[in-house]
Amino acid sequence: VADTVKKDSALAIKQFKKAGIRVVMLTGDNELTANAIAKQVGIDDVVANVKPDEKYQQIETLKQQGICAMVGDGINDAPALATASVGIAMGEGTDVALETADIVLMKNNLPRIAEAIKLSKKMNRIIKQNVVFSISVIMLLICSNFLQILDLPLGVIGHEGSTILVILNGLRLLKN
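Under my numbering, think of the first position of the sequence shown as 84, with each following residue one higher.
Treat the hints as calculated values from the structure; they're not laboratory data. Among the hints, erroneous ones may be present.
Heads up, simulated EDC-like pairs for lysine to aspartate or glutamate below, C-alpha to C-alpha not over 20 Å straight-line [claimed, not checked]:
(1) Lys97 <-> Asp136
(2) Lys122 <-> Glu143
(3) Lys201 <-> Asp178
(4) Lys122 <-> Asp136
(5) Lys146 <-> Glu175
(6) Lys134 <-> Glu114
(7) Lys134 <-> Asp156
All values derive from a computational prediction rather than experimental measurement.
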């Protein structure tokens, strides 16, 4: 007896691997069942016969290696969801899992996690661009003020113009 595997699970695992994310399956199922399901979706690392407190310990161990996200839906997952760097609960899960998690996937769509990770990386890149651009413009305006190259109205226009460019650069996140 095993849970049925959702059609998009294999796609999600493939996207995670493509993004360089290591996927580990922690399950209370027996080893034979866990390995069969893991093989279906493409997961290489499986830890089976895990009790809730052992899931918690496994997440603690994985956190020592770096940022660790946990996806779960049941009462047994709640301690691990709370411990993970990012806890992600499935929308159809138990109330305890939903309350404990940092993020709730309302439609249980696993590939959306990979999309969110991709979007967050793009967002970080744009934020860094905006900070460097803003600091550069401010430094340029300060230097031109000391050298009295620009009058105050032109300095204000330069500053406000750079603010608009920062906003427009941030709006690129809305593009697919």
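Evaluation of the provided hints:
| no. | hint | result |
| --- | --- | --- |
| 1 | Lys97 <-> Asp136 | 29 Å, violated |
| 2 | Lys122 <-> Glu143 | 25 Å, violated |
| 3 | Lys201 <-> Asp178 | 28 Å, violated |
| 4 | Lys122 <-> Asp136 | 25 Å, violated |
| 5 | Lys146 <-> Glu175 | 26 Å, violated |
| 6 | Lys134 <-> Glu114 | 13 Å, holds |
| 7 | Lys134 <-> Asp156 | 15 Å, holds |
Hints 1, 2, 3, 4, 5, counting from the list given before, are not met by this structure.
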